[in-house]
Each structure stands twice: as structure tokens, then as C-alpha cells.
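Peer 1: Below, each chain spelled out in residue letters.
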Amino acid sequence: MTTQNRSVIIIGGGPAGLAAAAALRQQGVEDILILEREHDLGGILRQCIHDGFGLTRFKEALSGPEYAARFVDTVQQAGIEVMTDITVTELHADRTVVATARSGRYVFKAQAVILAMGCRERTRGAIQIPGSRPAGVYTAGIAQAYMNLKNIMIGRSAVILGSGDIGLIMARRLTLEGASVKGVFEIQPYPSGLPRNITQCLDDYDIPLFLSHTVTAIHGTKRLTGVTVSQVDSSFRPIPDTEKEWTCDTLILSVGLIPENELSKMAGVLLDPRTKGPRVDEHYQTSVAGIFAAGNVLHVHDLVDFVSLEAERLAESVGDYLKQAPADEEAVPVEADPELAYTVPQLVRADRDLTVSCRVRRPLNRVRISIWQNDQKHVTRRFRRAIPAEMIHLTVPKEKLVPGEPLKVVVEHE
Amino acid sequence: MNKTLTCVICPNGCQLTVDYEGVTIQSVEGALCSKGNQYAEQEILDPKRNIASSVRVTGGKAPLVSVRLTGPIPKKKIFDVMAEIRALSVAAPVEIGQVLIADVSGLGQDVIATKRIDRI
Amino acid sequence: MMNKQTALQKRYDVLIIGSGVVGSALARELSRYQLNVAVLEKELDVCTETSGRNSGVIHAGFNNKPGSLMAKFCVEGCLGYGVVADEIDIPFSRTGKLVVGFDDEDRKKLQALKEAGEQNGVPGLEIVESDVIRDKAPAILGEMALYSPMTGITNPFLYTVALAENAVQNGVSLWLNHEVTAIEQVDDGYQVQTTQGVFESRWVINCAGLFADRVARMVGIDDYTIYPCRGEYLVLDKELGSQLPLPAYPVPNIREGGLGIHLTPTTDGNILVGPSTDYIDEHTDYGTTRSILDLLMREGRKIFPPLNPSAVIRTFAGVRPKLVSRTTGGYADFVIEHRPETRHFINMVGLESPGLTAAVPIARNVISIIGEYEDLRENPSFNPCREGILSFKDQTPERQESLIHENPDYGVVVCRCEGITQAEILAAIRNPLGVTTLSGIKNRSRAMMGRCQGGYCQIRIAELIMAEQNRSEESVMLARKGSRTFVGKVRPS
Ligand SMILES: Cc1cc2nc3c(=O)[nH]c(=O)nc-3n(C[C@H](O)[C@H](O)[C@H](O)COP(=O)(O)OP(=O)(O)OC[C@H]3O[C@@H](n4cnc5c(N)ncnc54)[C@H](O)[C@@H]3O)c2cc1C
Ligand SMILES: Cc1cc2nc3c(=O)[nH]c(=O)nc-3n(C[C@H](O)[C@H](O)[C@H](O)COP(=O)(O)OP(=O)(O)OC[C@H]3O[C@@H](n4cnc5c(N)ncnc54)[C@H](O)[C@@H]3O)c2cc1C
Ligand code: SF4
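Protein chains in written order, with the numbering used here: chain H, 48 to 461; chain C, 196 to 315; chain L, 47 to 539.
Think of the hints as simulated: they come from the structure by calculation, not from any bench. Keep in mind that the hints are not guaranteed to be accurate.
What the hints assert, rightly or not - Beyond 12 Å from chain L on every Cβ pair, some chain C residues (computed):
#	residue
1	N207
2	Y215
3	I239
4	V250
5	R281
6	Q293
What the hints assert, rightly or not - Subject to a maximum C-alpha distance of 25 Å in a straight line, what follows is the list of computed BS3-like cross-link-like pairs (lysine-lysine):
#	chain 1	residue 1	chain 2	residue 2
7	H	K269	L	K535
8	H	K229	C	K270
9	C	K271	H	K229
10	C	K230	H	K106
11	L	K56	L	K182
12	L	K155	L	K439
13	L	K118	L	K154
14	C	K230	C	K270
15	H	K156	L	K439
16	L	K160	L	K348
17	H	K229	C	K243
18	H	K229	C	K272
19	C	K256	C	K198
20	C	K270	H	K106
The C-beta atom is built at its ideal place from N, Cα and C for all residues, glycine as well.
In isolation and in its complexed conformation, chain H is listed as follows (with noise of 0.2 Å):
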């Protein structure tokens, strides 16, 4: 087995590998490699058939399958080269990326790699769903893809829970479908998708929404007969004699994304607890040199204009990789207020220019956002409403930021 030599290897063809792909080209970068496991490119975006893509990005309201075309004939006409129908199996440290198709065991060895491999969903084992097994548990994004992709009816009447965009926008798939969904049951005290998703995809509909109410068993020993609700109280316990049985053939679950870190995971990449992804400072890049990551692999985001627009910020920093290493300035931790979730990045070098990316935890009304640095403040946004549903940007000029010295996001009420 000969190992072939790349400048940057990318590992998955979703938005946010064709956005770096192409920016990295239009800096001039020649020798890119996309490496896609499926057999078309455009990752999730494939089966996300819904509109409402594209509107920060293109200022027009695409399908999914429409924004990915838009970045795939980009990346053709440029001609990147792109391997698909091949899977990544090893990455490791020294960034040599094993990767099996039919054709072969492959053997690459990158000056960079971008990490974009997307997410994977929770699953009912992971919330401890009690109950019996039958057939019809599904999660939102394989229900998608099982309809959207592979024109296969998972079900007939349907109990949603989680109120994650995902679910939201197959509840509203599954009744224009025929199928008759119940309700959407959310544990928060608040919803978890946007709220213009509970608008178009619930009450267009009327499929009612129960806050503070999760599903405490399933029910059917061959398919799926039914599941029994509770209300919970603010620690999610379930509160006695609130249980309720509702009938259905189908459980679709929408209860939360992970970041895909099994090959991050394996080149020894540092995670951060609260994404679940990597640890980047403001290049993108991981705690392992020449290691770098954009989109739901980093974090996981609701809009995929975001997803892009990350990627093409991380292309410019692997740019400057590839012409020098980076002068070492020393990366400084970014401090998180403890009304957000998290922030991405976790560290800076005050080297270029700084976007942040961050989520409230719960909803907060009239707050206002900022990034500190000693008693100096770089930018502030305020908002009427903040909702873990929107991703919050805060971006600060290279030239304010001091080398040297940690950041803080602060959230202050108004």
C-alpha cells in the first residue's frame, strides 16, 4: 500500500467541506482532496427537501437539495478533486487518514485536515426511554431519510418527541403524507426547534405542542401500539398520575445532535464537554496540529448558511497554514458567561479576526451580549429575545484584540 501525498485532505462532502473546498481554491490552494462516504455529495442537505435554506447566504429561500447544488457545480467547476462512495476508518495524529471504497484500502498523509463530517443523532438509549422494543421507534433524521430519500412510509400515526427543527419539520411532512401526528411532547419548559418551524410545521396543522411532558414508556411487542406521557416537573422528573396514553404506530425522536467524533476522537483531538466536538481556537484548529473543523462536527448548528460561512473562515486560516506555519501566539481560553451553553471558539491567539459563535441557555428577554478583554469592550449585541433555537455571531477586528490576554462573552440583562 503506497501513501499518497495531499496539501489538505477533506473528510466529508456536506456544506461544510464543499464550502472550505471551494474557498480554499479561490485562495489558490491546488491540491484539495474531498473524501465523501456517500454516494452523492451534499450531506444532510440531501434529504432536508423543506425551503428555507439560503436566506442569509444567497438572499433566497432554496430546498436543501437546491443550496447543496449550488456549492457541488462550485466545487465541479472548479475542478477539486472528490472521491465519494469511500469512508474514512482512521485518522491519526501525524494526519495520515486511512479511508476504505471498493477499489481499495487508501492511504493519504495531508499537510492539513478538515474535519466535516457532520453529526449524528441522539437515540432512545441514550435518554433512556423505559419500555418494551417494538418496531416503529425512529429518529427524526433517519425518518427523513427513509421518506425523503428512499420513498419509504415509516408510519401512519405519530407521536413526536422533542421539538428539535427536525422533528417539527416531519411532523409537518408526516400529515402532509397522510399520516395523522398526535402531538410533539418537549421536557423543557420551552420549545427546542425555531420558532417560525412550531408556526408553519404545528399550528399550520393544528398538531398541538406539550411543554414540560416527556414520553416515560413505549408500548407494542411487534410494532409500536402506543406510549405513555407525563408531566415533569423543573428537575424532569416525571409528576405521578399526570401519565397519559396515547395511541400511535410510530415514536420519532428529536432529541438532540451529537457531533460525529469518532475520528476526531481517534487522532487524539481534545474535545470540549459542552459541544461535544472539538476544541478550535479562532483558525478552526483542534488541539492537534494541522487538525482543523467546521460545522455540526464542531458544533451543532440549525442553519446551514452558518455551516458555510464557518467553513469559508477556516479555509482562510488553512490557507495561511499551508504558506507558514502560524507565528506561535499563545492561545488564550474564552470565557463563557453562564447563561451560554458554549462558545466556539474556545481559545484565541488574537491573530486575525474573531467571530464567535455562541447559544443561550434558556430563553432570555432583553439582554445584551459582549466580548471582553480586560476592562476593554470589543462589541456588544443586544436582543429583545434570545433562544438556544439561534446560534448568536459576535465578530471583533483583529486589530482590538490583544495578544495574551483571555476573552469574556458577558450576557447582562437589561
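Chains C and L with the ligands: place on chain H using the hints.
Peer 2: Leaving out everything else, chains C and L with the ligands in the frame of chain H:
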């Protein structure tokens, strides 16, 4: 009369407060852009939505092609349009943007393909 | 009453009812002789009930009462397991086992276990102190422990499948989806009515597990009642696997009728926590419950502190076919009997733990009973060896390369969590028993068992099953009869 709406035009999802009397809109508050005002008006007078679905493909590399409408249609017509979409079958190849049903249900919008499906 | 309209399907020398581990081991042992043997199984796969829902521990035999069948067959089964595992190519590892104690009371109980074990003929038992525990498994808590070097772990599903496959390769007929509903004694044996026709046989062996009391009643033996007693488990991510090189048990509370909530590594590197012991009403109610799952977490932490909720990738339950009720408590011995009034009907009930370990000796015992009445002649073409599905990810890079060249399906990774290739999935779909359920494919290939639980690969596997067998969406089953996975097409053609 007062009504609160969530603007569905973009991910900002602004909370809009509409003050209206019958079919006359007095004021719309809370929109971050002018599209929100238009949306609120439309929503009170005649709510409209765009929909996405799939159409059966014969002889293609995939069994379905994803589709959407070129623009929003009255909410109450959604299931009429779905019936037309469901009845349709197209032969591969299909191109992105290809019109599969023109002027669907006479509503002035087309059903277009949003994916390319090559022939087997 | 027999329905005489139903066409008589087949006549056999020996009919086995039930293809759990005991029925499958018996089928394989019988295929060593010149006998016409068939197995009737009500489910769509072997190993659907208790045999696929346990800790997978090959017990050494110190937990059982000296002089009992349980003790005798457990010790024999444990000592002989390595040979069988080699022959039929299944995972087995003699990890040893620790039963940990914390105080003087525990020490006494451990000493008693050791003495019982020695009486049963269990080799190598030792009381060890905390330094030895730390040495063997640093993450395990305990002041002292009984260490048993002979105890091992296996994959109970693959074991049962391999036994059944080897039996079928040696000429046994397996009739899946054939539930026995009535048995009638006839001149030279029995007529056995099933949901798909009537069978005749000179011998009938009851290996029906949780339903063995009902099958016994079909021939008029009505003095047994099985009390189903459920045990729930947590399955942990492989990440914690390396911290538990061998099973760790607490000192058992004999009255409870279980071995206590313990931690067991699986042969694939996951960890099982459980089982609980709760008498239930429904024999196959494999549901799990919130309160028990919480209990498992609490109890498990007492001996294995790294246990935490985020490591749980799924939960499951098994049901013990107990002959003692909740009020009696404890264990009853295995029942293996041949009564004069039901000649040629060998009745087995109450085959609870250590039934997995003891299956082969139990089978040999049944054959010795048959041998008292029949002239058993060896089957000259019996082949004890069966080959499992080759695991691509365990091969060297060079071998992987050549495998892909021989068969490009090895280059297609279908299950990314477990690294299972399309070639392995197809081998599982083309299994010798003709099983096509998603769970059957999963258990044979390990696809869908990783941390994403089929998130990525279930779709592809369902597609492969449909393509290989030319099946419709509606006919893809998850596990049991009627467990329809899909309801049809979104856009029917
Ligand atoms: C189900 C779902 C619905 C969504 N709906 C919306 C929406 O309505 N609107 C919106 O704006 N955004 C939506 N999003 C968010 C947005 O689409 C995603 O954030 C975006 O697609 C993420 O892009 P990505 O490139 O990081 O990951 P992905 O699109 O997941 O791409 C990752 C790619 O990597 C490949 N890959 C993974 N591992 C390997 C490997 N080992 N070897 C080779 N290839 C590999 C995968 O096959 C995949 O093609 C949705 C996201 C999900 C998950
Ligand atoms: C929680 C738990 C943990 C355990 N841990 C261990 C352990 O670590 N080590 C160990 O050695 N043992 C263990 N055991 C015990 C072991 O699992 C059982 O003793 C063993 O699996 C019993 O096998 P079987 O073949 O008798 O029963 P089963 O596996 O139940 O097989 C009986 C078969 O008969 C079929 N059947 C029933 N009725 C009919 C009918 N009318 N017609 C046709 N087919 C029928 C059933 O479908 C089934 O397939 C454990 C058991 C439990 C419950
Ligand atoms: S009002 Fe404008 S900014 Fe607000 S949601 Fe509607 S379109 Fe978006």
C-alpha cells in the same frame, strides 16, 4: 383587534403584533425588516405558505425527486396541491428548476424539481 | 384436538420444541448420530427469548448447591466451553471473575461460596485482598473478593446461532415460525400440531424455556408453573470497556434468586450492568422501567464508580423461567425428566441460570436418556466445525487490502460505529438459517449495535435485505412476527 404572529419568512422568526379591524391593518410591530409587515398583512387577510414534497421518478437513479412551489399558495389549498403532486410521476432525467406542474391547481405557482436525478 | 385436515408435513426420529441455547445445543449434539432431527421454533429466529437476553457469563459453578444438576452441568459446561467455542468459531474469553465484598459478613459468605465451589469441583478458587482486586481491575471497588479463574464471557446470541447453524449443516431441519399448539400421543410417538401443519416424531423434547410448563401440559404433565422473573440491563459504550477486564459481582443475596446486580464486559468490549430481579405477570414482557434503570445505575456504581448515565447506549431485559415463586424465593434445580406415562417425551423445565453455561451437558444428558431406548449410531459425516462471519476490521491492513480485491463489498463500510462492511452484512443476510429480520442481521453482524444504534446503517441494511430477497417494504420485520418496520412506499408506483 390585536394578534401576535411569528414571522416565518426568515430564521429570525420575529414576533409580530398586528393591530387590525376587519380587513384593515392598523399597525404591525416587531418586524426587523419590511418583509415582516407584508407577511403580517398577508397572514391576516389570506395566509399563504410554500410547501415541499416529493414526486415519483421512473427510470432514475433515485425513486423520488424533491420538489417545491415557486411561491406561496393559500394555506387552505395545500392539500389540493398535495393531491396533484401525489398523482404525478416523471421520467428521469430531471433537472433542478424543471417545472413539473405549471400553475398547480390554477394558483399561479409551479411545482419545480429541487434535485437532479440522472437516468439509471 | 388434532385438526386432521392439516396435511402431515414430516416424520422425524426426534423433534425439539424451541431453539434457544438448549434446543440448539441438543440439535447439534443429536446431529452426531444417524437420526432424523427437527427443531420447531415459534419465532422468526433462534435465540429470540431468554438465550439472547442474559449476561453471557460462562459460570464456573460455585453459586450452585452441591449435588444439584445445576452444579454438575455448570462445572462440566464451563470446563468444556473452550473446545466448543473453537469448533463453532464464536467469541469466548476466560477472563476470570471477581465477587467483591466489603466487610466481615461478606468475607464469610465468600468463604462459603468458595467451599461450595470446591465441593462442586470448581478449580482455582481463591479469596484475594484489595491489592489483587486493584491489580486485576483498578476501577473495581472491594476490600476482598472471591476470584474464579475459570469463569469466562461469550456472546450468547452468536453461540446459539452457531450451534443451530452447525446442526443444520449436519442435517437437522429447523422450522422457524412454527409454534407448537398441541401434542397428541400416538402409537409410536407423538403428533405435534403447529401453526403451520402437523409433525410426527418418535421422540419429543421440551426445550420451550419460558413456555416449557405449557408445552408439558400439552402431554398432560401439569405439575409445573413457571414464574417469570425479569432482569433489566444497561448497555454501556465501549469507551468504558477497557476499565472492566473481567466480570465483577457483589456478594449474592441467595433469597433474591439472582446473582446480584453485576458488571460484565461483553466479548465486543461493551459493558452490561444488571440484571435486576422482579417477578412479573407476562412471560415475554421485556420492557424496561425507569425505577429499575435508576437502581442499576446506583447499585452498579457501588462496585464500579466510573459508571455514569451518559455512557448508556441502550437498555434491555431478559426473563428467568423460574420454578419458584416470589414468596418461595431462591432457586429450584433444573428439571430433566422422562416419565413412564409420557414415554419418549423428555421434559425440561426451569432451565434458568446457569442454563447458558450448562446447555451442552444438558443436551448430552438428554442423549444418554434416549440412548437407553435407542441404538444410537454415529453419523460418519458429522462435521463439528462451523465458520463465523469474518470480521474485516480485525484483519491486518494487508489482509484488508486483499479482501477488498477479492470482494469489493469489503470496501463498503455500512455500520460506521462498529466498522462493519457490506460483505459482512450480506454474509449475515445469507445466513444458513434463512433468517431475515433486522435484529437477526444485527446480532449476526453487530451492525446497528454501536453507539448510534443504527442511525446511519439501518437504512442501508433494510435496503440490502429488500434487494437481496426481492421483498416489499411491508415485509421487513424488526424481530418478531408482525414487527413491521415500514408501512409501504411514500409514492407507490
Ligand atoms: C436532519 C437535519 C435537518 C436540518 N434542517 C435544517 C434546515 O431546515 N435549515 C437549515 O438551514 N439547516 C438545517 N440543518 C442544519 C444544516 O443543514 C447542517 O448544519 C449542515 O448540513 C451541516 O453541514 P456539515 O457539512 O457540517 O454536515 P453534513 O451535512 O452532515 O455533512 C457531513 C458529510 O460527511 C460525510 N462523512 C461523515 N463521516 C465520514 C467518513 N468517516 N468518511 C467520509 N465521509 C464522511 C457524511 O456522509 C456527510 O456527507 C439540518 C441539519 C440536520 C442534521
Ligand atoms: C437475566 C438473565 C441472566 C442470565 N445470565 C446467565 C449467565 O450469565 N450465564 C448462564 O449460564 N446463564 C444465564 N442465564 C440463564 C440462561 O440465559 C438460560 O438458562 C438459557 O438461555 C435457557 O435456554 P433455553 O433454550 O432453555 O430457553 P429459551 O432461550 O427461552 O428458548 C426457548 C425457545 O423455545 C421457543 N418456544 C417456546 N414455546 C414454543 C412453542 N410452543 N412452540 C415452538 N417454540 C416455542 C421460544 O420461542 C424460545 O426460542 C440468565 C438468564 C437471565 C434471564
Ligand atoms: S420580519 Fe423580516 S427579519 Fe423578522 S422574521 Fe420576518 S423576514 Fe425575518
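Peer 1: Are the hints correct? Go through all of them and say.
Peer 2: Evaluation of the provided hints:
Residue-level check passed: N207/C sits 31 Å from the nearest beta carbon of chain L, beyond 12 Å. The claim that Y215/C is not at the interface with chain L holds, since no C-beta of that chain comes within 12 Å of its own (minimum 40 Å). For I239/C, the non-interface assignment is confirmed: its Cβ lies about 34 Å from the closest Cβ of chain L, beyond the 12 Å cut-off. The beta carbon of V250/C is not kept farther than 12 Å from every beta carbon of chain L, the shortest such distance being approximately 7 Å.
Not every Cβ of chain L is farther than 12 Å from the Cβ of R281/C; the closest lies at roughly 7 Å, contradicting the non-interface assignment. Distance check on Q293/C: its Cβ is at least 17 Å (rounded) from any Cβ of chain L, clearing the 12 Å threshold; non-interface status holds. Taking the CA atoms of K269/H and K535/L, the gap is near 20 Å; set against the 25 Å cutoff, the hint holds. Restraint check for K229/H and K270/C: the C-alpha separation of about 20 Å stays at or below 25 Å, so the hint holds.
Under the criterion of a C-alpha separation no larger than 25 Å, the hint pairing K271/C with K229/H is consistent with the structure, at around 20 Å. As the CA atoms of K230/C and K106/H are separated by approximately 12 Å, the hinted pair is consistent with the 25 Å bound. Note on K56/L and K182/L: the hinted pairing is violated, with a Cα-Cα distance of about 54 Å set against a maximum of 25 Å. Between K155/L and K439/L the alpha-carbon distance is near 44 Å, which puts this suggested pair outside the 25 Å criterion.
As the CA atoms of K118/L and K154/L are separated by approximately 24 Å, the hinted pair is consistent with the 25 Å bound. Restraint check for K230/C and K270/C: the C-alpha separation of about 18 Å stays at or below 25 Å, so the hint holds. Taking the CA atoms of K156/H and K439/L, the gap is about 21 Å. The hint holds against a cut of 25 Å. Proposed proximity of K160/L and K348/L is supported: the alpha carbons are some 23 Å apart, at most 25 Å.
Taken as a hint, the K229/H and K243/C pair is honoured in the structure, with Cα atoms around 24 Å apart against an allowance of 25 Å. In summary, the hint linking K229/H to K272/C is supported, as the alpha carbons are separated by about 22 Å, within the 25 Å threshold. Proximity of K256/C to K198/C is assessed by CA-CA distance (about 48 Å); at most 25 Å being required, the pair is judged violated. Distance restraint check for K270/C and K106/H: the Cα-Cα separation of roughly 24 Å lies within the 25 Å cut-off, and the hinted pair is therefore satisfied.
Consistency note: the structure conflicts with the earlier hints numbered 4, 5, 11, 12, 19.
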